[in-house]
Each structure stands twice: as structure tokens, then as C-alpha cells.
Amino acid sequence: MGDTSTTGTPQARAGAPVARCWSCGEEQPPAPLCRKCESVLPLSADADHYQVFGLPRRLSLQPDELAQRYYDLSRRLHPDTHGSGPAEAREASMTNTAALTRAYRTLRDPLARARYWLELHGEKLGDDNRVPGELAALVFEVQEKLEDLRRASGPARAARAAEVRAELEALEARDGELHERMDTNFRQWDTAHEAPALLRELRSILSRRAYLATLIRDVRAALEAAPGRAEPRP
Amino acid sequence: MDRVFGIDLGTTNSLIAYLDGETPRAIPDPGTGSPLLPSIASFQPDGEVLVGDAARQRAAEAPLETIASVKRFMGLGAADVRDEDRRRYPIASSRGPVVRFAIHGREVSPPEISALFLTHLRRRAEEALGEEVKRVVITVPAYFNDSQRQATRDAGRLAGLEVLRLVNEPTAAALAYGLDKRKEGLVAVYDLGGGTFDISILRIRDGIFEVLSTNGDTRLGGDDMDRALAALLDLGDDPDPRVVRAALIAAERAKIELSTHDSARLRVEVPEIGFQRERAVTREELEQAIGGVVERTLEPCRRALKDSGLTAREIDEVVLVGGATRVPMVRRKVEEFFGRVPHTELDPDQVVALGAGVQAGVLSGRRKDVLLLDVVPLSLGIETVGGVMERIIDRNTTIPTAARQLFTTFMDDQTAVDFSVYQGERELVKDNRKLAHFTLRGLEALPAGVPRLEVTFLVDANGILNVTARDLRTGREQSIDVKPSYGLTDEEVEAMLEASFDFAEEDVSARLLIEARNEGDGILRATRRALPKAEPAERAAIEAAIARLEEAMRATDHNRIRDLVEELNQASMPLAQRIMDESIKEALEHRSVDEVV
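Here the protein sequences come in this chain order: A and B.
Oh and the first sequence: position 139 is 139 in this note's numbering, straight run, nothing missing.
Oh and the second sequence: position 348 is 1348 in this note's numbering, straight run, nothing missing.
By construction, these hints were calculated from the structure, which means they are not laboratory data.
Computed from a prediction, not measured in an experiment: that's the story for all the values here.
Virtual Cβ for every residue (Gly too), placed ideally from N, Cα, C.
Warning: the hint list may mix true and false statements.
To be verified - If you want a taste of the chain A side facing chain B, the calculated C-beta under 7 angstroms gives, among others:
#1 44
#2 75
#3 83
#4 86
#5 88
#6 207
#7 211
#8 213
As the list claims (entries may be wrong) - Anything over 12 angstroms on all C-beta distances counts as not near chain A; from chain B, calculated:
#9 1002
#10 1020
#11 1104
#12 1284
#13 1299
#14 1340
#15 1390
#16 1520
#17 1544
#18 1551
#19 1553
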């Protein structure tokens, strides 16, 4: 007989987690709603984001489809919808909606989704702040221009600011390229079988994009602090 | 299904509303015909309290016994009170986690005062609809922090209400507006009330009201405009409180008049001390005086837009909420900022209450086509090395939301782990607001780094933080000691419930029960008297109905008694008809039964 963990999901003998509906008793794979009576079932703490959404694990996701699913599930899971229901429904709706919120935030943003994908495959982006090799030259250039801007005064400032803006564009273009590479990588997961290679590539792209994101943010901040600001984004 | 009511507990006015079919309705005061209850309480020396218009009338003559705009003090500690307020309000000198007012030798907290308004509104609704008011939804400014929300919940508890949900004011307004206009798209709600300012950006689609971002200032509102205008009168260095209060009242009046006229008079008169001052004020002078206040509302608007990822141009509709938005300068500035004319069709004083009424309907299950997805307004984090704020939950995250952190010990045999939670956007915790200190006690003595304690931070649909912990090694729930930085303790609330203010009115449900029992008595006596004349066919049914009613009379559910009175009435109707036909008139009416006896 399986033992019941604190999350209330008995382990079936086969090893895959199984949930039992508190309302109708149906046993089923973990899901936010009972497939038989549609009562809200509390998801366990280790349910992954795809399980919360009831979606198969895929790296490419259509943003509109995801949003629509999010709204549909919100309607059925949100505590407000169960305001007058039994205590089990209210508690489960709270847990599940919190899980849904988190899952949506992660899956909605391609970068966050990609990082999550790495985690699901046992990988993690390191915390190291070393400059990725191929960006080294660009980064050096940008740092130099930023230094020039900080030291400049008077009319020279405007000129230095313009140069920094040019660097910013170069950085954003680079990030754009990496974004395209990332999209391709996403699509390849559906068809390719070389997971380790794809994983390595994804990891490398993400770490470079993370580095660029920080750098772009710093450059933008430096430009805002300087007079002769950049045009407001359209 | 029990009805749920929606309450707008405002700085200047409070209202109660409910969903009548499809339409939300604000319940009017039977005397004035207006749904607005001025959020003012005046404490009389004999211990009784006046609320509403009566309290407002007493404000000028007893300013230190009359508390207005108490919402500005909700969730504050004694140390948070500003100097200018110390002069105008009778702040008790005791330092502590909850600010209190000292009146007639007694210390009163803001939640207790707010509870007076809630109780008054509750009674108004009970009398208007003839049913008990128990479950409510109360609105709060979107930018209210955790302590301010807790204080609002405390007020509900003190008023004997079950607060099902706290709803953010701009979201409630969007709900009322969105349903009224059947609008979809991106909406900005600019809510400038008496004491608080909120700006919320929402996406309305298919009945889902999704807040994208929210920002504001919980210490900015129409009251600040009044103050700026009153400053035009030179009142001296340390004016008498009565003069100050009279000046604010005059300023408010002038401000309102200047919305429709080019000039007005500021007249302050306190005959008791022979004070009189008067001057004319033009709209131009008003705008100069309040310009700073209006300007201050624009920065939160910029931040909210930035957080939502939208520009002002991308907003489809702008909605104005709150009495202070009637000031022409405010409308002009908002129109300039968003590049479109803001909507003002719905009464800015009522729209929040109406939205609360709709949400009350949703929670009671009466309305199923609408869903509010709101957000946490301020980031939450814990203190780490160097006094740095480590964010656990970002501002503008949709709620309910949860985040988990793993804690462990740093020394061998350490049996307790603690951490503090802060709310705010600054880098260092000292610049943010400390919510509470948590301690996980009774840990098993183990080598350093071995314990694995998972702490879950859950912000619920009210925007309030709930913290739980689990020992991952045993899978068991770990108890936590919580020491909140602000707010009333449970013991304090209990004590306040005991010593509640003298309203001199009985409990409504007790009264309803008495009435129901009287009705039951009457019909039972009359029916028993008539029973001998019953025909065999109907006798069994009548006796069964009698038995059921008698049983209900022994219990306390007045609704059930009423239902069974009706049942008995129906069962004995043919009998009654026949008896009446035999010309013993009104045998089954209470009065005639008494006479016959």
C-alpha cells in the first residue's frame, strides 16, 4: 500500500505519483482539476509548470495559446470562484492558483522558460560573472566608452553619449542574434534527438544573453544619468 | 446562499453595496437619501459616539474629540505619525506598534474607529433589506501594504463581520466601469481619494480583469489639497485646534466651489475664541497651491506604466475615481499625461462601492462571469548579509502567489533559525518596511548545514502574507513563531470586542428571532384552536406542520421559523376558509385570537 505524504498524494506501486480526488475518490495522474468531477485537486509542491498547465513538455510555446489557457484555468481555479465552496476546494484553489501564477510567469517569458527547461534537464546556469569568450572584445569596447562618458564634461558629453548609444545598439543587435539562435534551438527540441548537444547550446546561449542583459541595463542606466538622453523608446 | 456585501471604507466617505440581480446598488441612508457615510467619528463626554453627518457637525466645536480621515492612520505605528498630524490629532503618547488616539481618558486605535463605520453601514443594510449582514468584501487602496491590510481586516473583525476578501479600490472601480460600459482593452484607473492615491493599469478581456501593474502613494490625497489651500490663510505659529479644523473645512468648501466657479471665499470663524479671518481665493491661486500635490501623482503613473511594459499612448481608456478628481486641474493633468480625455460618467464617489458590490456577488456565487486577477503592490523580501534586501516576491506579481526558500543552520546543534520579512523596493532593508520577525524553533540538534527547512511565502488573494514552513527531512510541518512589527495582537482584538463602544442598539439577529417566534406563537395557537374542525384528510398534514414549526421554535434560526410558519399557513388554509365562511372572522389572525381568548 502506498503511504500518504504530507501533500496527500499516495504513491502507487508502479512509482508514478497518483492523486486521489477528495470529492469523488477518482485516482488519476496529478492535475489541478479532477478529470471526473472537476473539483480542484491540490497540486503537490513538486508539480512542474507544464503539469500545472496540463500541457506536454515543449520548449516552443504559442504565447496566445498559453495566455488563453491561463485565463481559462484561472477562471476554474481562482479562490474567488470557490469563495462559497467547501474548505478543501478553497485551500486547493489557493495552492493551485499560486502554482499557476508562478508557472505562467516562467513559461510566458522565453528566457525564463529556457532557464526552467535547463533545470528540468538537471542543468543550471552558473552564477559566474566571467565574460563569455566571444563577447570579450565587444564588452571591452563598451566599458571604454562608458568610462569616456563618465569622465567627459561640457559639450564633449553629448558626443561621448552618442558613442555609447552606438555601442548600446551593437549590444542589442548581438542579443537579437542570440534570440534568433535561441528560437531555432527551441524548435529543434521537438524533432531532434540530440538532447545533450541542444542542452549545451541552450546553456551557452542563455549565459551569454544573461551577461548581455546586465550589460545593456548598466549602459541604459549610464545614459539616463547623462544629459542628452537617448530618445524615449517608442 | 448567504448574500455577501461590498463595503468601500473610504478616507472621506464610506458606503455599503450589494448585487441586486445583475446590478450593483449602494444602500442609501434612510434620512439623507445619500449612500455616503462621512468617515468621521465624534466621541462625546458621556461615552457615546456619533458617526457620519452628526459627527461632522460636531467637528468644528470639538476638534480633538472628532476623528476624520482615520484611514490615513490604519496600519501605522506611533513612530510613523507625521508632525503636522500630531498637532491636529490627539495622538496618545504611548509608543507602540499601533498608533492610538487619546480621547476622554481612553486610548482608541484606528481599527476600532473604522469598525464604528462598518457597524453603522451594517445596520443600515440590515434595516433596508431585512436580512442579516455577516459576510463582506472591503476595499483598500491598491498600494496599501501588509500592515494596512491587516488593520482593515481587524476593523472588520471588530465590527463582527466575516471579511471574505479585501479588494483593491482601482480594481473594484474598473469592475464597475467595465461591466457598465462593456469595455475591453487596456484601462488605467486614476484613483485620487481623500487621503490615498492609486494608479492601476488593467487588461479587461472576456470578463477577466487582469491588473498588469499598480503604484501609488498612501499618503497623498484631497486632504493635502485642503491643507495647501488653508495655508493661504495666515493662522499664526501655533493656532488653536478649532481654528485649524475650521480652516480645513473652509478650504474643502472653497476647493469644491472652485471646481465650478472662478473664485470663492475662504471664511474661518470660531466665535468661542473670537477668531475670524476671511479672504477671497481664485481658481488660479488654488491651482498654484495644489500644483505640487497633483504633480506628485504623476510619478507613480510613470512607474506603473513602466512596470506594465506599456506607454501612455497604448492605454485605451482612462477612468477617474475619487472625489478629488472633480478638481478641473486634476482632469487636465491626467488628460495631458495619457493623451486622451478621461472617463467621468460614473459617480467617482460611488464607483468603488459598486465594484465591491459586484465582487461580493462573485464571491457569494451569484455571478460567475467575472474574475479579478490582482497583484501584490510591493516587493517582499528577507534580510541577508549586510542588511541587503533579498527579494522573494516581485511587486506586481499576480496573486495568489507563493515563493519558497530553503533555510539551514550555521552552527552545530543549532535549534532555531530566524529571519525577517520586509516590504518595499529599496536595496537596503532599513529603507523598507519590516513586516515581521519569524523564528523556527525546536529544531533537531544536527551538524551545521544539515537541516533543510523549506519556508513558503504565500501572498493570498487579499494581498496579505502567510508564512508556513516544512522540515524537508521529515516531511512534517514546522511551527513558526511570528512577531509582527505592526498591528493588533489577537488578545488586543479580543479585549476590544469586550469593551466595544456603546451604540445602544440590540443585536439584529436577536431581534429578528423574537419577531419570528411571536409570529410562530400566534399561528400555532390559532391553528390548535381550529384543529377540531379539521377534516381527516387535512388533519395529518396540519399536525405534521405544527410539529415541525414547534421544533423550529425551540431552535434559533429565525429564517426557518418563518418558512415553517408559511408552511403551516398553507396547510391550514382550507380549514381557515371554512371557519371564516362559518362567520367566525379572522380566527387565524393574531389579534383576534387574543381577543377570543
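Okay, the hints, checked on the actual structure:
no., hint, verdict
1, 44, "12 angstroms, violated"
2, 75, "5 angstroms, holds"
3, 83, "4 angstroms, holds"
4, 86, "13 angstroms, violated"
5, 88, "16 angstroms, violated"
6, 207, "22 angstroms, violated"
7, 211, "21 angstroms, violated"
8, 213, "15 angstroms, violated"
9, 1002, "8 angstroms, violated"
10, 1020, "18 angstroms, holds"
11, 1104, "41 angstroms, holds"
12, 1284, "32 angstroms, holds"
13, 1299, "15 angstroms, holds"
14, 1340, "18 angstroms, holds"
15, 1390, "14 angstroms, holds"
16, 1520, "29 angstroms, holds"
17, 1544, "32 angstroms, holds"
18, 1551, "27 angstroms, holds"
19, 1553, "29 angstroms, holds"
Consistency note: the structure conflicts with the earlier hints numbered 1, 4, 5, 6, 7, 8, 9.
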